[in-house]
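Residue numbers (UniProt numbering), protein chains in the order written: chain A, 1 to 505; chain B, 1 to 505.
It should be emphasised that the hints constitute simulated quantities derived from the structure, not laboratory data. Please note that the accuracy of each hint is not assured.
Beta-carbon label-pair distances, calculated as ranges [unchecked claim]: (1) A:34 - B:343: 16 to 24 Å; (2) A:226 - B:22: 34 to 42 Å; (3) B:107 - A:386: 21 to 29 Å; (4) B:240 - A:56: 54 to 62 Å; (5) B:343 - A:430: 50 to 58 Å; (6) B:100 - A:411: 46 to 54 Å; (7) A:41 - B:273: 36 to 44 Å; (8) A:386 - B:343: 48 to 56 Å; (9) A:411 - B:92: 54 to 62 Å; (10) A:386 - B:100: 31 to 39 Å; (11) B:428 - A:107: 37 to 45 Å.
In silico DSSO-like pairs for lysine-lysine, Cα to Cα no more than 30 Å straight-line [unchecked claim]: (12) A:52 - A:487; (13) A:503 - A:487; (14) B:397 - A:346; (15) A:451 - B:346; (16) A:388 - B:99; (17) A:397 - A:275; (18) B:238 - B:262; (19) B:485 - B:499; (20) B:186 - A:346; (21) B:397 - B:275; (22) A:487 - A:451; (23) A:400 - A:186; (24) B:99 - A:99; (25) A:388 - A:400; (26) A:397 - A:262; (27) B:99 - A:100; (28) B:503 - B:487; (29) B:99 - B:388; (30) B:485 - A:346; (31) B:388 - B:52; (32) A:441 - B:346; (33) B:346 - B:275; (34) B:503 - B:492; (35) A:238 - A:186; (36) A:400 - A:300; (37) B:186 - A:186; (38) A:38 - A:52; (39) A:400 - A:346; (40) B:400 - B:485.
C-beta atoms are modelled at their ideal positions from N, C-alpha and C, and glycine is treated no differently.
The lines below spell out each chain.
Number of protein chains: 2
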Amino acid sequence: MLKVRPERSPRERILTLESMNPQVKAVEYAVRGPIVLKAGEIELELQRGIKKPFTEVIRANIGDAQAMGQQPITFLRQVMALCTYPNLLDSPSFPEDAKKRARRILQACGGNSLGSYSASQGVNCIREDVAAYITRRDGGVPADPDNIYLTTGASDGISGWRSDGLLDMTSWLQTILKILVSGGGKSRTGVMIPIPQYPLYSAVISELDAIQVNYYLDEDNCWALNVNELRRAVQEAKDHCDPKVLCIINPGNPTGQVQSRKCIEDVIHFAWEEKLFLLADEVYQDNVYSPDCRFHSFKKVLYEMGPEYSNNVELASFHSTSKGYMGECGYRGGYMEVINLHPEIKGQLVKLLSVRLCPPVSGQAAMDIVVNPPVPGEESFENESVEKESVLGNLAKKAKLTEDLFNQVPGIHCNPLQGAMYAFPRIFLPAKAVEAAQAHKMAPDMFYCMKLLEETGICVVPGSGFGQREGTYHFRMTILPPVEKLKTVLQKVKDFHIKFLEKYA
Amino acid sequence: MLKVRPERSPRERILTLESMNPQVKAVEYAVRGPIVLKAGEIELELQRGIKKPFTEVIRANIGDAQAMGQQPITFLRQVMALCTYPNLLDSPSFPEDAKKRARRILQACGGNSLGSYSASQGVNCIREDVAAYITRRDGGVPADPDNIYLTTGASDGISGWRSDGLLDMTSWLQTILKILVSGGGKSRTGVMIPIPQYPLYSAVISELDAIQVNYYLDEDNCWALNVNELRRAVQEAKDHCDPKVLCIINPGNPTGQVQSRKCIEDVIHFAWEEKLFLLADEVYQDNVYSPDCRFHSFKKVLYEMGPEYSNNVELASFHSTSKGYMGECGYRGGYMEVINLHPEIKGQLVKLLSVRLCPPVSGQAAMDIVVNPPVPGEESFENESVEKESVLGNLAKKAKLTEDLFNQVPGIHCNPLQGAMYAFPRIFLPAKAVEAAQAHKMAPDMFYCMKLLEETGICVVPGSGFGQREGTYHFRMTILPPVEKLKTVLQKVKDFHIKFLEKYA
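Excised from the complex, chain A in its bound form:
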């Protein structure tokens, strides 16, 4: 690489750590992942030929399906290619149903081109397709395109650590929370989030100078959400802030639990009682593996609970192109649906979204294919179904495989991976390991993950980055690697763990 900075020492800079915005430093610490930085250093060392007990770093820290070898869904890429280079619409090598969708999307774009701006809320026909998808998903509960907002990377930030280990702050969460946050001192807005949480939440909350209100998921009960715990948390919070928002992640990240319908009803009733605005992060709605689990959207349950709730409870829910079986993280497509939002606030929201972001049109188009896949009778339906089944079937196998193998390891307990794409096993660390960690000024599970990385090349994220009950330790690992590779990874973790226990016994 070229060297720009000349050798002679410059005069003092205007922008230094001392002169910079202190708030930025604060935010950064909330989301920084030293493990993943270390992984980058090790990769460089491997490239430089430095010998290690392993030949590659396996980035099991991030939910990046295609980076792990998952093939893109053919139909989605065909439509995207047709939209990108419309000359292909004359090509016989593309199926008619893909061309039909591409034409429809292009007709809705300025100048029939992905290269034009779209309205800030998103391309109209795509918002209509999203609404139709939601209506189908929720068994006929109507969805209004006016309530749909297409966003940039609605879920990338929610879906996993970035490849560089830093969280990608998502537009929707910042946008909706920015509108919600107000007051000062004891009337500062309190935002309830699950622990373990996805650190995006704590980062946005601290950046917006809101108050984080923790509620703990029940690890002994497959990470279920217990409404009594919500009550405890909100009561305690009222002493020092004004709890106004309740964040739900279902299926859970990092914990992978899938909430029962009953649980969702209880949560909605609680939100109604306590006048809390519901934020439902539902980006893993297609990623449900346990045969005895089903995804229920908050929207659907809300409507089934009757008008007292469906007319009153304010809800924003989120989905994206990054997860499901498409796994198109790079397109950064996503949507937000709002329910019972005050009309004036909808105006504010559209304005703020417009100010904050412009959804890339290619990402919007990708979102359209996610919600509008081939249907029976269409040329591509068969192939699409095979590809979909293969991705989701494999994920289900790997979820079970991971749970089983972890639970064979002494000192590791792993709840069932009911959904999403991560395992979040609990690791029982000997006192000596905890002392060693303290000597290194590290959280014990950070110490453990760092050793795991250094000795095996496997990069996972310590539970301390997500939050966990005092004295418990975990790590988050994606199940995205191909089955054979995943088996190797799990075996390596097992061997490492046993050695680790011996060393610090």
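Given the coordinates of chain A, work out where chain B should sit on it, guided by the hints.
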């Protein structure tokens, strides 16, 4: 559309105009464009068959090239299609040079797919291509890929009003300013911006609670930047804030002036003297039309001024896929180059960028083609050159045409459109029109533009949205419509203006 909100009146909402974040309301007013909202209403009325003195709304308010009929550059779309659907790499109907670039981009993507995350600073090989482009552009002045940050829509927000009339706040400006803003009271960070400005700047500044410091461009001198005016502005500002940042837009938006090399030298010397961090918005660097004007990058001039400057002056400059001859607004690709940034701050920047945004990989790929077009000897060079020449040649014609026609109208004065893609003519309004506007509680040029829209369907943006000297009135109009259409638009404006003058004589 489906109706979701039931009829029965809901209980009081949690989120209302009263309870929401007051800061959001404040920001919104800085960027809201009522004219463009009105344009939307009129379009709906036309769709409903309501008769108007015109058949379509012409959105001359936004720099949206392809929406105005500009065809995408074939090569760029070919490479993008190949990256999107790699099966096409086997197709004989795509040129080898396009395939070569697509392969190179894909090899740099996780899993060889645009569907994977990239590093938060952007794909390495694309940052290298950007650095090589800058080095070529600046006649050999070296650029370091480490100083390049690929961003989301580095310039969409800078390039024009959104189609819905709201500004798209851009990531780079928020990110770099967020790091720079600090202090309170009189030590609050002051940010110098040109007047007329692109309202994105005032919006970001107010949102970050920094202090806006205006310097006026010299309309009598083709909107030139005069360093004495910078001196006046910074001296006055020091009474109430700490001026730390100087924003430059070159070529100018909305004013279209192209800064001379001498002017840039003076600005850099001033920034050096006053210890100001330079933000150079150079997204129109390819859009220079006046034969006696040339684009000089701040980076190049900085280096030619010698080590005292090139080692010390801190600079961030910006470019994007949206302008130039590619006009790919929808891809939201862009980059920022930083010079003399403190190494620690570069770390902070990469962290903040990672937190703030994830550049969509398709936008990064599009940026790569913008900076890495076909070269002589490559298969696509000829066609690319023809397409490029046609776009830029037409823009130059239209720039001259617009200036000439406006200056034929009594009561309109239009400076030469040296660059960018807008005219910002001054309109001399009769006292009676000003009174009528005041009676309608509108800025006089807002009143004028509203009437223009209602009577002709032509949507332009009043100068009051950009800032202008007290008692002067302007509007901004894009020159992007095809020549024949542009002539019609200009004729309609002329006829309207003459009638307007008669009416309020």
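Compare the distance between the alpha carbons of residue 397 of chain A and residue 275 of chain A with 30 Å, and conclude whether the hinted pair is satisfied.
violated, 41 Å
Is it true that the CA of residue 485 of chain B sits at most 30 Å from the CA of residue 346 of chain A?
With a Cα-Cα distance of about 36 Å, the restraint between residue 485 of chain B and residue 346 of chain A is violated, given a limit of 30 Å.
Hey, residue 238 of chain B versus residue 262 of chain B, does the alpha-carbon distance stay inside 30 Å?
Status holds; Cα separation ~26 Å.
Is 54 to 62 Å right for how far apart the beta carbons of residue 411 of chain A and residue 92 of chain B are?
Since residue 411 of chain A and residue 92 of chain B have Cβ atoms about 59 Å apart, the given range 54 to 62 Å holds.
When you check the alpha-carbon spacing of residue 99 of chain B and residue 388 of chain B, does it fall within 30 Å?
Between residue 99 of chain B and residue 388 of chain B the Cα gap is close to 20 Å, so the pair holds against 30 Å.
Restraint check for residue 99 of chain B with residue 99 of chain A, where alpha carbons must lie at most 30 Å apart
holds, 23 Å
Distance restraint between residue 238 of chain A and residue 186 of chain A, which requires alpha-carbon spacing of 30 Å or less
At roughly 8 Å apart (the allowed maximum being 30 Å), residue 186 of chain A and residue 238 of chain A satisfy the hint.
With the threshold set at 30 Å, check whether the alpha-carbon distance from residue 397 of chain B to residue 275 of chain B stays at or below it.
violated, 41 Å
Holds or violated: residue 503 of chain B to residue 487 of chain B, with C-alpha atoms at most 30 Å apart
With a Cα-Cα distance of about 24 Å, the restraint between residue 503 of chain B and residue 487 of chain B holds, given a limit of 30 Å.
Range hint 34 to 42 Å (beta carbons of residue 226 of chain A and residue 22 of chain B) holds or violated
holds, 36 Å
Sort out whether residue 100 of chain A lies within 30 Å of residue 99 of chain B, counting only the CA atoms.
holds, 26 Å
Could you see if the CB distance from residue 41 of chain A to residue 273 of chain B stays within 36 to 44 Å?
holds, 41 Å
Comparing the model with each numbered hint stated earlier shows that hints 5, 14, 17, 20, 21, 23, 30, 31 and 39 do not hold.
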